[in-house]
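When you get a sec, could you build the whole thing from the sequences and use the hints?
Number of protein chains: 2
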Amino acid sequence: MSEKIVVGVDIGGTTIKVGICSSEGELLQTYEGPTEVEKGSEAVCNNIAQYARHIVEQSPYNWDQVEGVGIGIAGFLDIPNGIVKLSVNLHFNNVNLKAFLEDKLQKKVLVNNDANVAALGEAWAGAGRGVDNCVCYTLGTGVGGGVIVSGKIVEGFSCMAGELGHMSIVPDLEAIQCACGKMGCLETVSSATGIIRMAKDAVERGDRTSLSFVTNIMAKDVIDAAKAGDEVASRIVNRAAFYLGKSLAAVAVVLNPQRFIIGGGVSNAGDFLFDQIREVFKKVTPDIAQEGVEIVPAILGNNAGIVGAAGLIIRS
Amino acid sequence: MSEKIVVGVDIGGTTIKVGICSSEGELLQTYEGPTEVEKGSEAVCNNIAQYARHIVEQSPYNWDQVEGVGIGIAGFLDIPNGIVKLSVNLHFNNVNLKAFLEDKLQKKVLVNNDANVAALGEAWAGAGRGVDNCVCYTLGTGVGGGVIVSGKIVEGFSCMAGELGHMSIVPDLEAIQCACGKMGCLETVSSATGIIRMAKDAVERGDRTSLSFVTNIMAKDVIDAAKAGDEVASRIVNRAAFYLGKSLAAVAVVLNPQRFIIGGGVSNAGDFLFDQIREVFKKVTPDIAQEGVEIVPAILGNNAGIVGAAGLIIRS
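Here the protein sequences line up with chains B and Z, keeping their order. Following the working numbering, the residues of the first sequence are numbered contiguously, the last one being 484. Following the working numbering, the residues of the second sequence are numbered contiguously, the last one being 484.
Calculated from the structure, these hints are not laboratory results. Note that the structure is predicted; figures quoted are calculated from it, not measured. Don't take every hint at face value.
Claimed, not checked - The list that follows gives simulated cross-link-like pairs (lysine-lysine, DSS-like), each with its CA atoms no further than 30 Å apart:
| hint | chain 1 | residue 1 | chain 2 | residue 2 |
| --- | --- | --- | --- | --- |
| 1 | Z | K350 | B | K451 |
| 2 | Z | K450 | B | K320 |
| 3 | Z | K276 | B | K320 |
| 4 | B | K368 | Z | K451 |
| 5 | B | K276 | B | K207 |
| 6 | B | K450 | Z | K253 |
Now the structure itself:
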């Protein structure tokens, strides 16, 4: 067994997930251990190094086969230098993760943000396999994104490319403020948080909806109610899909990607949601910019992070 | 003189402009001749070849120094294969321009659309010199665009990247139909045509404006009236700038380019227009995605096309 392998690391606030991938993006082994944020950033960095070594030691592969280690992390990064400028969850403040790990592991280390890395995972080895240009949306607490051009992540001038959730897309008259401080961002309406907010507003307002009998409304409750024909819930899901579709259309004329990949909890609504997004996209995108363009669900689920992190080594 | 040179060709409906550039993007010589559309596509292709040879023969350089010939042309293209699928102005229908010219000239030939090529010209040797990632808008009859990532044109899946004028940005309630058939495209409000239409609408409606004394309203008249304090004209220019600013903000979160470059006739309005665009951009773009990002005027004017066409050879 002399083929090359790559190691991907997905750093979360509670656990650090590591995986071994083949150079074609096949996920061969996974392992996870505690992050131990409370012990400080050096301990977290040591854990990353230890888990990366450990997974290879416990596998049929050996450390010499490792071509490099890729890292996905939430936070503000200096991607070229692999520095975590700020990660609130991890209490990282100007941590030179790349330098630390390259020293510890004696391998090439690349660091990128979690949304970009998940997008690369899908593009490389998931729903975008074989497609050079794709754009990924992750509909979760916020709306994350990643842009892949010619097989590589577009990072942008200050590492802010792919911040699709902060596209100002809701017209001023109906816009509300986003967590980022600006008005009308996509994630105010198309994230789980946005959907829940709109549902709670409707219930508080006294709209007649089955959601008023739900004690702790989740995005799934709203989607289920919409599927069951609840008019208020339908309007909310429709609105989330409308602005998503408009956002995809905007991206389509900027980059004309071959495929849009949509993942995250909200995307589990399936065709019910996707059909609405596709309809809006079709309506507002110039015909020649939508011809052959696909809007598909993500397929790697929670593994997108480790696969994409490993992919950094192959696709850089 | 043994340094390499590149030849750029900008094909218009009336004239074909050719230029010699240094490999650093300095425009060394220019020449132009009639397109002769009426003689048919083969005659036009022969003219291109002849003018390209001619400019070099008349220069202090020789044909052996030519590294390649780049072509910018308006129309629907198969860029990788250099085929002009349809160019209405030139009456081209599935013309394999690359193959024809490579055979005639015995040099590498690259073909791209006029808006992409103008963007590359500015990025390579104009207002974007030294900047890897920039996005260009050309405000003319329509709104053209070009996206440069890592120094290269992003072409997209069906060569439709950079169609910034067709971003659906005007909310449904105030949207009108674009020439592309869709509603609310940027160019319905931010092109010269859009500005003229809004001005004529205002005059017909009976709005009190100095524009009602202008016989054949041009975009410049509207901008001049706005600068002079005409309220109706100010509202129109403000609207054009508002949606441009919103569009730039959308692009900023997708690609986070370092610089936006705005050219074309309407951009001659200068700071009066740019300040309004910058204000909207600042208001709606997340702070970290706008930090250090510049919005600047194009500087190459009509030469952007030939310089960018030459640049195709260097930046591919």
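Hints, verified against the model:
| no. | hint | in the structure |
| --- | --- | --- |
| 1 | K350/Z to K451/B | holds, 7 Å |
| 2 | K450/Z to K320/B | holds, 29 Å |
| 3 | K276/Z to K320/B | holds, 27 Å |
| 4 | K368/B to K451/Z | holds, 28 Å |
| 5 | K276/B to K207/B | holds, 26 Å |
| 6 | K450/B to K253/Z | holds, 23 Å |
Of the numbered hints given earlier, the model fails none.
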